[in-house]
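The whole structure should be built from the sequences, with the hints applied where relevant.
Protein chains in written order, with my numbering: chain A, 98 to 606; chain B, 3 to 262.
Please keep in mind that the hints were generated in silico from the structure rather than gathered at the bench.
Keep in mind the model is a prediction, meaning the values are calculated, not measured.
Where a beta carbon is used, it is the ideal one built from N, C-alpha and C, also for glycine.
Any given hint might turn out to be false.
Here are the simulated distance ranges between beta carbons [to be verified]: (1) B:E152 <-> A:Q596: 28 to 38 Å; (2) A:D601 <-> B:Q211: 25 to 35 Å; (3) B:D255 <-> A:G136: 30 to 40 Å; (4) B:G32 <-> A:M597: 49 to 59 Å; (5) A:K310 <-> B:N218: 53 to 63 Å.
Covered by chain A, per the in silico footprint, the following chain B stretches (three or more residues, Cβ under 8 Å) [as the list claims (entries may be wrong)]: (6) 135-142; (7) 170-176.
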Amino acid sequence: MFELQAGLSVQEKLHILADAAKYDVACTSSGVDRKGGKGMLGNARACGICHSFAADGRCISLLKILMTNHCVYDCRYCINRVSNDVPRATFTPEEICELTIEFYKRNYIEGLFLSSGVLKNPTYTMEKMCEALALLRGKYQFNGYIHVKTIPGASDELLAMAGLFADRISVNLELPTEASLKKLAPNKSFQSIINPMAKVSNTIAENRLALGKSAHMERSWGNQYLRGSIFAVGNGGIERDDNDKIVKNHLSDVSENNISNTDKNGIVTSDNSGVLDLSGMKELSMYGSTNHIRQFAPAGQSTQMIIGASGESDYTLLQTTQKLYQSFDLKRVFYSAYIPINEDSALPSLDTAPPLLREHRLYQADWLLRFYGFQADELLSEDKPDFNVQLDPKCDWALRHLDIFPIEVQTASYDMILRVPGIGPRSAKRIMQARRYGSLNYDSLKKMGVVLKRAHYFITCGGHMMFKTPIEENYITRQLTAVNAKENWQVTHTEQYRQMSLFDDFGVS
Amino acid sequence: MRVFTCKNRFEDMMTCIYDAWEYALKHGHGNVKLMREPVIQYSFADEYVHIEADEEKTKKVVRSIIRSISYGAYIYVYYATLYYEDTLDDIYRFLNIGFREGAKVTTMLTEPSVIRMMEYKRKVGNEIHYSREFIRFNSIDNKVYVCHWEPKCDIIYMAATHFADRMPSEHFMIIDDNRKYAVIHPADGEMYLTDLSEEELLRLKQTEQYADEYRNLWSTFFETIGIKQRENAKCQRNMFPIWMRKHAVEFMDGKNEKMK
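So, in structure tokens, the structure goes:
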């Protein structure tokens, strides 16, 4: 590996390495609340803070860069694969720190998102990344948010170190089945992705217990009232023994059901994947901002999957997602609509449009899992493996269950209210609070934030519906499709049309 | 009906509430109305009383809200005073219910004044959050960080508390260009507010043109990080409205502005 053009300026490097990092999805700065302190720089808020929005409408929260875009791997879908002829560059740890600190002081960013191509080998790369993080947390006393991507195949010590410096740590699953991973990322193995994921998950749990917290990550407020939620006890989530080691993390289920249809032995062995040893990391405290050792990945871990590069159905993706939440206690699973950048026989052709609507539907479903108490099986099934293009998953579910609607908002339970299309966690909470003191009407529901254009087909308020609505599947489907049509159009048609203007187009002034 | 009017400041408003309440104890709450100045249209039938701020009365009102209703209710009231439209009468009606019903008032969303207060709190709270997101500091030789901002609601102090926690050991100031005052944070010191004269404001305006290499670096990063195939200006405008872009480095001088 050598740089063809030596002496690139920081600006040129930033251009190359941000360009190479832009396909990574997770740019969130959420999940951890941390106060600032004298002499340090930075704090963190659990809600996350976006600092700008790029031309594609995605948030820019972190300085999302690769340490290097040199890579020894040849993943088919990736812009940085070794067989591609692209300009390459590498940041030194000092450059990464300076950029982060200076951007942060100007309030351009919330922290650093550091990923990397594989330089020489995974361990060497990870070592370099940890060096940058140590410098940032130590010399620069940076107390803001750091999200670090781990390199599959790096050693355990480095993984532990990265987790102690970072707030969120993630390993990209990339593809939901072993077969497609083998096909599209020949240098990566499922084992090398699942193993660190399990280790990080165990370590986070153990570290949380040692700090007197519950072993599970915090989930949204409403989940405590949802018996059917994927995070509820006894719903196939993590089961731990007295020492809170994961006894059975349902990985075997994952392998049987979806992830690995072909090779069962592939990942079952990671059942006893163990815990990272943090005790050897005591000397890290000298880098840290305080005397005590930092918490291990306080904002949890996340992962990302590519949509549309291989032939999986939405059902497979959603089930994998649910299993990932349940078995690894992941904070988020991200989806990335595949954008054809490489010409390759194994991939969709270059003129394929990115499946944006499909990605949108998957995110909607992901929210239904995490905030609304739905299970993957309720939304999709073997017979109906893909989402309805016309309708969002929640409307779709409601239309298949017209037998339980309409429900009476004055008396229905929280989990039922939350299942009505047009009512979200906030408006459901407001309804629960308000109805204790007075009777509701449609006007007050509207003011509480209920989207009546969707909700009014499914609720009664004070015993009557808003309009005279026949509870017929065909009728309501037609109505809701019309409501959704505009939204769907906007997601799929991002190209812009506009009226011509004398001033802008013809230079009349 | 007697209309109590006052200036658009927290102390004035609290005093106004105190005096109106005192009057209402004799004449009934229905015969009282509160308004922020300036009063656009006077009515012949009403009597207008101007109220000046009084520290004692302000303290009394704040203390009894926290003690007899709840701290949460006080946050509702405080946020409503920061709102850019006249919220004074709604605050009064809200307190009316609050002193009768106690802490649960904030959840009594079927009451019109309560739901309006919730709406004010939401709007002001959102704008505070926007300011945390979109405020940009201009570095003057890495010594002082200056920020200009034109919020609708009067929120720069609330925004500054966030940055005081974030950068306790830096000198920085946040300037409200419309209301013509600034929050100044000296390194490792206490924040304070100060009014700005026209000349000071003009001089401070120049900070936005101050040469700084990181401004270019940031613009480079911003332009690079978007994915071309996914371009979606409408979504971008939804998330980052144009009126907030005025002081954002990446959009300054018409850069990256896609109006179509």
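* Out of the numbered hints, which ones does the structure contradict? -> 5
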